[in-house]
Each structure stands twice: as structure tokens, then as C-alpha cells.
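Sequence order for the protein chains is A and B.
Residue numbering for the first sequence follows our numbering, beginning at 14 and increasing consecutively.
Residue numbering for the second sequence follows our numbering, beginning at 21 and increasing consecutively.
Source of the hints: derived by calculation from the structure; they are not laboratory data.
We put the CB at the ideal spot given by N, CA and C, even for glycine.
Some clues are possibly wrong.
The calculated EDC-like cross-link candidates involving lysine to aspartate or glutamate, where the alpha carbons are at most 16 Å apart (straight line), are [unchecked claim]:
{"hint": "1", "chain 1": "B", "residue 1": "Lys208", "chain 2": "B", "residue 2": "Glu65"}
{"hint": "2", "chain 1": "B", "residue 1": "Lys208", "chain 2": "B", "residue 2": "Glu51"}
{"hint": "3", "chain 1": "A", "residue 1": "Lys92", "chain 2": "B", "residue 2": "Asp151"}
{"hint": "4", "chain 1": "B", "residue 1": "Lys72", "chain 2": "A", "residue 2": "Asp195"}
{"hint": "5", "chain 1": "B", "residue 1": "Lys33", "chain 2": "A", "residue 2": "Glu113"}
{"hint": "6", "chain 1": "B", "residue 1": "Lys80", "chain 2": "B", "residue 2": "Asp42"}
{"hint": "7", "chain 1": "B", "residue 1": "Lys72", "chain 2": "B", "residue 2": "Asp151"}
{"hint": "8", "chain 1": "B", "residue 1": "Lys191", "chain 2": "A", "residue 2": "Glu119"}
{"hint": "9", "chain 1": "B", "residue 1": "Lys146", "chain 2": "A", "residue 2": "Glu310"}
{"hint": "10", "chain 1": "B", "residue 1": "Lys33", "chain 2": "A", "residue 2": "Asp98"}
{"hint": "11", "chain 1": "A", "residue 1": "Lys244", "chain 2": "A", "residue 2": "Glu179"}
{"hint": "12", "chain 1": "B", "residue 1": "Lys82", "chain 2": "B", "residue 2": "Glu193"}
{"hint": "13", "chain 1": "A", "residue 1": "Lys122", "chain 2": "B", "residue 2": "Glu175"}
{"hint": "14", "chain 1": "B", "residue 1": "Lys49", "chain 2": "A", "residue 2": "Glu113"}
{"hint": "15", "chain 1": "A", "residue 1": "Lys92", "chain 2": "B", "residue 2": "Asp42"}
{"hint": "16", "chain 1": "A", "residue 1": "Lys398", "chain 2": "A", "residue 2": "Asp195"}
{"hint": "17", "chain 1": "A", "residue 1": "Lys122", "chain 2": "B", "residue 2": "Asp132"}
{"hint": "18", "chain 1": "B", "residue 1": "Lys33", "chain 2": "A", "residue 2": "Asp304"}
{"hint": "19", "chain 1": "A", "residue 1": "Lys176", "chain 2": "A", "residue 2": "Asp195"}
{"hint": "20", "chain 1": "A", "residue 1": "Lys122", "chain 2": "B", "residue 2": "Glu136"}
{"hint": "21", "chain 1": "A", "residue 1": "Lys490", "chain 2": "B", "residue 2": "Glu136"}
{"hint": "22", "chain 1": "B", "residue 1": "Lys113", "chain 2": "B", "residue 2": "Glu65"}
{"hint": "23", "chain 1": "A", "residue 1": "Lys548", "chain 2": "A", "residue 2": "Glu579"}
Quick partial rundown of chain A residues pointing at chain B, CB under 10 Å, derived from the structure [to be verified]:
{"hint": "24", "residue": "Asp111"}
{"hint": "25", "residue": "Glu113"}
{"hint": "26", "residue": "Thr117"}
{"hint": "27", "residue": "Ala216"}
{"hint": "28", "residue": "Asn219"}
{"hint": "29", "residue": "Ala421"}
{"hint": "30", "residue": "Gly465"}
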Amino acid sequence: MQALQAALKPASSKKVYDVIIIGSGASGGMAAKELTERGLDVLVLEAGPLLDPERDFAMNKNTWESMYRGFGPPGWKQKEQWMEDTAGDFSRSFYVSDTEHPYTTEPGKPFLWVRARVVGGKTLHWGRLSWRFSDLDFKAASHDGFDGDWPIDYKEIAPYYDKAEEWIGVSGNNDGLWWQPDGKYLPPIALTCGEQLLKKGAAKLNIKLIQPRVAMLTAVKPQHAKYGRAKCHYCGSCGNGCTVGAMFNSLSSTLPVAAATRKMTLRTNSIVRHLIVDENTGKAKGVAVVDRQSHQEMEFFGKAFIVAGSTLESTRLLLNSKSPKHPNGIGGSSGVLGRYLVDHFGGTGASGVLPMFAGRDTVNEDGKSSGIFIPRFRNLDQTTKHPKFLRGYGFEGGSAIGRFPGVAYRTPGFGSEFKRQVRRWYVAPVGLTTRAHMLSRYENFVEIDPGGVVDAWGVPVLRVHIQHSDNEREMGKDAAETAAQILKEAGAEEIGISRQLTVPGRIIHELGTARMGSDPKTSVLNKWNQVWDAKNVFVTDGAAFVGAANQNPTLTILALTIRACEYLTDELKRGNL
Amino acid sequence: MFTQKKPATTLRKLHSLHALPDGRAFTGKIEIGKARYQFTFTPQEASAPNGKLTLRGSVKVKPPTGSARTVNQVTASLLATQGSIVSAPPVPKSLPAALQLEQPTRSLPATDATDEQSSVGVLYFKLSPLDGRALGVPLDLSAVQLNARLYATAEVERDFQWLVSALVLAKTEAQLTGYLAEINRSLKA
Ligand SMILES: Cc1cc2nc3c(=O)[nH]c(=O)nc-3n(C[C@H](O)[C@H](O)[C@H](O)COP(=O)(O)OP(=O)(O)OC[C@H]3O[C@@H](n4cnc5c(N)ncnc54)[C@H](O)[C@@H]3O)c2cc1C
Ligand code: SF4
Chain A
14 MQALQAALKP
24 ASSKKVYDVI
34 IIGSGASGGM
44 AAKELTERGL
54 DVLVLEAGPL
64 LDPERDFAMN
74 KNTWESMYRG
84 FGPPGWKQKE
94 QWMEDTAGDF
104 SRSFYVSDTE
114 HPYTTEPGKP
124 FLWVRARVVG
134 GKTLHWGRLS
144 WRFSDLDFKA
154 ASHDGFDGDW
164 PIDYKEIAPY
174 YDKAEEWIGV
184 SGNNDGLWWQ
194 PDGKYLPPIA
204 LTCGEQLLKK
214 GAAKLNIKLI
224 QPRVAMLTAV
234 KPQHAKYGRA
244 KCHYCGSCGN
254 GCTVGAMFNS
264 LSSTLPVAAA
274 TRKMTLRTNS
284 IVRHLIVDEN
294 TGKAKGVAVV
304 DRQSHQEMEF
314 FGKAFIVAGS
324 TLESTRLLLN
334 SKSPKHPNGI
344 GGSSGVLGRY
354 LVDHFGGTGA
364 SGVLPMFAGR
374 DTVNEDGKSS
384 GIFIPRFRNL
394 DQTTKHPKFL
404 RGYGFEGGSA
414 IGRFPGVAYR
424 TPGFGSEFKR
434 QVRRWYVAPV
444 GLTTRAHMLS
454 RYENFVEIDP
464 GGVVDAWGVP
474 VLRVHIQHSD
484 NEREMGKDAA
494 ETAAQILKEA
504 GAEEIGISRQ
514 LTVPGRIIHE
524 LGTARMGSDP
534 KTSVLNKWNQ
544 VWDAKNVFVT
554 DGAAFVGAAN
564 QNPTLTILAL
574 TIRACEYLTD
584 ELKRGNL
Chain B
21 MFTQKKPATT
31 LRKLHSLHAL
41 PDGRAFTGKI
51 EIGKARYQFT
61 FTPQEASAPN
71 GKLTLRGSVK
81 VKPPTGSART
91 VNQVTASLLA
101 TQGSIVSAPP
111 VPKSLPAALQ
121 LEQPTRSLPA
131 TDATDEQSSV
141 GVLYFKLSPL
151 DGRALGVPLD
161 LSAVQLNARL
171 YATAEVERDF
181 QWLVSALVLA
191 KTEAQLTGYL
201 AEINRSLKA
């Protein structure tokens, strides 16, 4: 933290920085590390404050220390942080207040936009699941003819996946599945007994269940020790912030590296309104910023820009960067800026209890908070082709227990018998929930709200247009039925099936809207995450995605960021930007 | 767009104001440093020029010390809405049969809080220009956006949320007129 505090030096409006990075989350943090390590002088502008893990994270807090057991007083969420679905009383400071950060939606088609405005962004409380995409994903269109391929293939990005995994520290197993590529892993986290049963149940249906690949340190390598990161002790409080640096986040893993180079200036509470365009060249020359606290307006200048505000914030920034040279915003010439918004969907699945574990004693590993993963098993090839939908889904889930006994919600009664029942079943839960591919469709898009709605700083907000198609609904139907079958085969009882798809945005994997491609007429970015229309601007977060795949996206965001930074540095040094 | 630095104005502009339902009114607070001003917008009449909901009513501001000030004939014009992500409120008990919505049957899974399960979560209104001095608020209130989050805890609030949701989803002129009449009835009740 001390090194980071030192990077909080005043930013200068007179200086021209080599690179200005907007955002300090997964992508912005990694960009700061990569660019400063290559000797560039970097200004990181982060809209939110810098939290101090020791003071602000609730990893060591017990639920009984909170008046409402971590849930917060009744109604607080509906009043302030309604759209921050995963926020709790212990983690509310990570999330934006919806009252200050509006967005609008099409009537009848809601969208849930979970956002973090703090140094580190959503990495402070993310789920840590770290999967590679394969050519089944990058070249999905070649498989089934829908939409277009990515302009990159697995071979090109594989070395950057290696780098990302080795740096952030991903625990996992190499399972030898061609469509779920292996990587550079720390020792895997063992499955619990219940998860072993799930694995056997899935195998009976010819479905593979594998150990999770999670950005949590199960061993400390020198690159982790150097920045004070410790091994995970399975406290299960990752969503409240990890104070020992065992889980990857920008505060523990990337920003300290950038700070140590002394090449990074970090300005917090700096909301970038838009990029400032040089009307002679069409390139960006600076950023217009409003201070979150003082509301003071200011400008900073740079040679190149990394836009990493998270998928939709980045696109909002580009759309808000209108000028005579870029009348539809920077990157707007193709007409696809804002288009092809996707999110994974979940919701469909099944849960139950494993009666053979009722009343057992708890063990430390019960709190491991990493679960299982069932990689995609539909539409891998002709033999697994599903007649009703394209692409596929995987399952997350498991049989582990958190500090709060979820089973209490479903247990009737009160008093000592209620407590006895809760204790008995607390140790036996099992569940599977879907993580599914949503097709990238032109008609799912964001635009600057045509009604003129603004946020608390007067910055125009997004209007989101998104809905599922029958492809997703068919997939959800299949997923709910398959999840229940797996649970049954595992010996679960009291199986409940969830059949509704989550509202778009709920899985917090919003992707697309500034897609990369091979043709400037149909894409916003080239294969280096570089804006076709303004070559000194790079968009390195999920906005660049062509398709969602069904795997969690952050590892791919990190790999693309490293690759883009390498290219940016070379191009800057060659004088090409 | 805003590439020039903004000229320094003496009063900071209040861009938006968060409010929650309180019976038939919306209440919120304006914070300036440690000072809190209680804000109340009480709509008395609804109309829908060009299909967009407009509420007309009074704005009352109570400063941290001293008495409240009120301005009448304030209009709140709907700019846009944000969809709710939780289940829709129940159909108002007094809703005429002709205005009830049909529930379609589905063979495939639905999406949470979408289509027939949807409702409006936030109404974003532009208020007609307010005079900060007249209301005793040392801010520029000339273009305030009222973010009315429909967190309904009473029947009258739930009915309003249901009717407003039906209004923004109205597909025919007859539905629009019908829901508007119901909103006006509930505002005057
Ligand atoms: C509860 C939860 C669980 C998750 N689980 C997983 C998981 O298991 N696996 C996975 O792969 N992903 C997961 N995710 C998603 C993951 O967190 C994101 O994919 C990842 O953080 C995206 O990185 P980013 O850099 O694009 O955005 P963020 O990490 O959100 O960082 C963006 C930063 O930019 C800043 N910013 C935005 N706009 C501006 C502006 N105008 N000016 C200045 N700064 C700005 C923000 O304040 C923020 O700090 C999860 C997310 C959540 C919330
Ligand atoms: S479980 Fe591990 S990674 Fe998560 S908060 Fe605890 S120590 Fe950190």
C-alpha cells in the first residue's frame, strides 16, 4: 500500500504523458504494470477512491458482528444500490451508488449493470474463475456459421494467457480438454466430498466435471512473494475483499509493480468525461476530467490512451467523445460502436441436498469458495450437436458452505428445532447454475440516452437495449433439465429446478460493444485492440470481445491487455502512433 | 463536445437529485457539505404529451434551519426509465377490467423481470427550471434531473408503480389514455 500511496502524486496538465490509462481494474491495472515495466511514463485516471485493505476490507469480519448479519438494514439496497445485485453490507463500499450512476433501459427489457468505482475496480470482489477461450470460441462462426470470427486465434493469444496466469497466480488442473485449453497452474483446490459425488453423477451422463481454475494462490511463487502476497487460507470471504493478497486484484498484483517503477502517477476520484480530439489528425490528444469530490473540471494530455473503464463505461466514453472528426464518437465510423452487447446468462439450474452428509462435522476446506466447473458439452462436434440451439453452456456450482447457512432460507420453523435442522443440513447443500453463451446480435446495443439523462456529474449516460433470443431460451431449458439430472445421478434429494434466465447483466460478464475485427467497416478495433479511427487509442477491456463464449472473461481481458500493451509500446517507440 | 474548460460559475450546478416515493409525493435530500435540505415533489396532475409522462405539482424545500419554501406549477417531464430487476408490483385492486393486461403463455423459459414480468424501477424526469434562491438552496437548480426510484412500500406507491409501468409499455392510444386517467385518479384520491 505504501508504494501505491507514493504513486498518488499530483497529475500535471502541462505535461504530455506517454500513455494515459482510464480505469484501474483488471485491464487498467495490468496495462499500468506492462507499460511502466517497459519504461513508459503513465498517468492512471481512476474514477473512484483508493481503499486500504487493512481498514476497508471485511475479510476478517464475522457475520454476527454486523447488526443485520451482513445483509444491511431492510430496504437499504432498494434505496441506494439496487442494481448492485451482489453487494452486501460488508462489500457495499466496492460498488457504485445507483443514485449517482444512472442508466436507462428500454421499457420491459431491464438490464442489470453492476459497477465498481474504486482503485482496482471489480477485481476487489470478483469471483476469480479464470478460464481460457479456445478456437471453438475464437472461431465460433466457422463452426456454426453465426456472426463472425474473432480476428485472432488461440495460438496467437496462448503466450499471453501463460503470462497472465503466471503473474496473477491461477490454481487449477490441466485436464486435457481441447475446447477448454490447459494453462500454467498452481496446485488445484481439491473438490469437497459432495463435489466428488457430483463428478460421479456427471460422468454417468458422459459429462466432465473439473476442478475450478481460480485466481487464488495455493502456492506462493517468487513473483507473488515479492509483492507481499500470501497463500489462501480458505476463509471464504473473497467477496468482501482479500487482505492477504491471495486472490488476484489490481491492488495486490499489478498496481504495486507499476508503482515500484516510479513511472506511474495514479490520480483517484478522476472521472474521465471524454477524450479530447486533435482535429488535424483525428487522434486523441487528451482527456477531459471532472473530480468526483470537488466537481472541478480539468484536462490531461498524452501520446497514447488505454481505455479500460470496463466494457460499458469504455463504450460510453467513446460515444461521448464526439467531435467534427468523429461525429458518432471515437470509433463510431463503422456504425457498430455500441452494438453486439452480450452477457452470459445463468439462473437456470438445480439445487438440492446430499442426504448422506446431513449432520456431518465441518472441515476447513468447506470454506474454499471455488466450487466446480463443468465445461461446455454441447455443440463441440457433430456427435454433441444439439438440434435446438447453437453454441453451449457450462455449469458452476458445487457443494461447499459459506459463513451464512443458505439452507436457513428454506428451513421452516423457529427456535431450537429450527437451529437443529439448519445445523444438520448446513453441511449438505449441492447446486449447479448455468454459465451460458449469449449470441452476439446487432440489435442488442447501447447508445447515449437520447432523452438526455446524465449522471451526478452531468456526464451523459447509456441507454441499454438488450433481450434474450430463443437460442438462449432453448439453451436455458436444456441446462435446467440437465442440471437436475446430474444432481439426481449424484444422489441428491429435495431437488429444486430453476427455469428462469437471469436478467441480462446479472452475471456481470457484459461484453462487446466495441468489437475487434479484420475490417474497419464492421468493427471498432483491429486485432491489437487499437481503434481503427484513432490509432493512438486502445480499448483493452471486455468491450473488445467479438463473442461471449461461455467461460468467464477476465483472463482473456488480461491476456489481450498484455498483448495490446506490447504492441502499443513498440508502435510508440517506432513513432507510429 | 465539452473540450473547453467550463467557465467558473459562482453556483455549482445540481445535475441530479435522488428521490423515493412517500405516499403520493417523492422525497429526497440535497447535500451541500454537511448541510441537508429536504426536498419534496408532490405531483397533482399527470399528462402525456407525445406519449411521454409529465407530472405537474409543487416543490418544497426545507433547509437545515428555518422554514420550508414551496414553488408551485413545477413540471417533471419524463426523459427515460430504468427497468426494475425484481418482480412487478401486484395489479391495483381498483383497476378497471378493460385495463388488465393479458398474460401470455410460454413454452420456453422466461427472463427475470422482463416482458410481462417487467416493471419500471426508476423514472428520470427533467424538472422545469427552479430558482435556487427562491427555494433557499445555494446551487444552480436550472436543469435538475429528478431520479425517482420507485421503491414502493405502501399500496398507493405500488399502485403508482404498476400504473406508470403499464403506461410506459402501453401499445395503444386507448391503453395510454386509460392508464393516465388512473394515474390522475390516484394522484387526486
Ligand atoms: C461479484 C463479481 C464476480 C465476478 N466473478 C468473475 C469471475 O469469476 N471470473 C471472471 O472472469 N470475471 C468475474 N467478474 C467480472 C470481472 O470482475 C470483470 O470482468 C473485470 O473486473 C473487468 O475488468 P475491467 O478492467 O474491464 O473493469 P473493472 O474491473 O470494473 O475496472 C474498471 C475501472 O475503471 C474505472 N472507470 C470506469 N469509468 C471511468 C471513467 N470514466 N474515468 C475513470 N475511471 C473509470 C472504474 O472506476 C473501475 O475502477 C465478476 C465480477 C463481480 C462484480
Ligand atoms: S478464501 Fe483465500 S482468496 Fe478468498 S479472501 Fe480468504 S484468503 Fe483471500
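Status of each hint after checking the structure:
1. The hinted pair formed by B/Lys208 and B/Glu65 meets the criterion: a straight-line CA distance of about 8 Å does not exceed 16 Å.
2. Our distance criterion of 16 Å between C-alpha atoms is broken by B/Lys208 and B/Glu51, whose separation comes to about 31 Å.
3. Distance hint between A/Lys92 and B/Asp151 is unfulfilled; the C-alpha atoms sit about 27 Å from each other, more than 16 Å.
4. Using a Cα cut-off of 16 Å, the hinted pair B/Lys72 and A/Asp195 is violated, with the two alpha carbons roughly 54 Å apart.
5. Between the alpha carbons of B/Lys33 and A/Glu113 the distance comes to roughly 14 Å, so the proposed pair stays at or under 16 Å and holds.
6. Restraint check for B/Lys80 and B/Asp42: the C-alpha separation of about 14 Å stays at or below 16 Å, so the hint holds.
7. About 25 Å separates the Cα atoms of B/Lys72 and B/Asp151, which puts this hinted pair outside 16 Å; it is violated.
8. Distance hint between B/Lys191 and A/Glu119 is fulfilled; the C-alpha atoms sit about 14 Å from each other, no more than 16 Å.
9. Proposed proximity of B/Lys146 and A/Glu310 is contradicted: the alpha carbons are some 24 Å apart, above 16 Å.
10. Restraint check for B/Lys33 and A/Asp98: the C-alpha separation of about 31 Å exceeds 16 Å, so the hint is violated.
11. About 15 Å separates the Cα atoms of A/Lys244 and A/Glu179, which keeps this hinted pair within 16 Å; it holds.
12. For a cut-off of 16 Å, the pair hint linking B/Lys82 to B/Glu193 is broken: about 40 Å separates their Cα positions.
13. Taking the CA atoms of A/Lys122 and B/Glu175, the gap is about 25 Å. The hint is violated against a cut of 16 Å.
14. Restraint check for B/Lys49 and A/Glu113: satisfied, since their Cα atoms lie roughly 13 Å apart, inside the 16 Å limit.
15. Note on A/Lys92 and B/Asp42: the hinted pairing holds, with a Cα-Cα distance of about 12 Å set against a maximum of 16 Å.
16. Of the supplied pair hints, the one linking A/Lys398 and A/Asp195 is violated, its CA atoms being roughly 24 Å apart against a limit of 16 Å.
17. As the CA atoms of A/Lys122 and B/Asp132 are separated by approximately 10 Å, the hinted pair is consistent with the 16 Å bound.
18. The suggested pairing of B/Lys33 with A/Asp304 holds, with an alpha-carbon distance near 14 Å, which does not exceed 16 Å.
19. Distance restraint check for A/Lys176 and A/Asp195: the Cα-Cα separation of roughly 13 Å lies within the 16 Å cut-off, and the hinted pair is therefore satisfied.
20. Annotation: proposed proximity of A/Lys122 to B/Glu136 holds, straight-line Cα distance about 10 Å (limit 16 Å).
21. Restraint check for A/Lys490 and B/Glu136: not satisfied, since their Cα atoms lie roughly 19 Å apart, outside the 16 Å limit.
22. For the proposed pair B/Lys113 and B/Glu65, the alpha carbon gap of about 21 Å is over 16 Å, so the pair is violated.
23. Distance hint between A/Lys548 and A/Glu579 is fulfilled; the C-alpha atoms sit about 15 Å from each other, no more than 16 Å.
24. About 8 Å separates the beta-carbon of A/Asp111 from the nearest beta-carbon of chain B, less than 10 Å, and the hint is met.
25. For the restraint placing A/Glu113 at the interface with chain B, the shortest Cβ-Cβ distance is roughly 8 Å, inside the 10 Å limit, so the hint holds.
26. For A/Thr117, the interface hint holds, the least distance from its beta-carbon to any beta-carbon of chain B being 4 Å, beneath 10 Å.
27. Interface hint status for A/Ala216: violated, as the beta-carbon distance to the closest one in chain B is roughly 27 Å, over 10 Å.
28. For the restraint placing A/Asn219 at the interface with chain B, the shortest Cβ-Cβ distance is roughly 24 Å, beyond the 10 Å limit, so the hint is violated.
29. Hint on A/Ala421 is violated. Least Cβ distance to chain B is approximately 21 Å, over the 10 Å limit.
30. At its closest, the beta carbon of A/Gly465 sits 6 Å from a beta carbon of chain B; the interface hint therefore holds under the 10 Å criterion.
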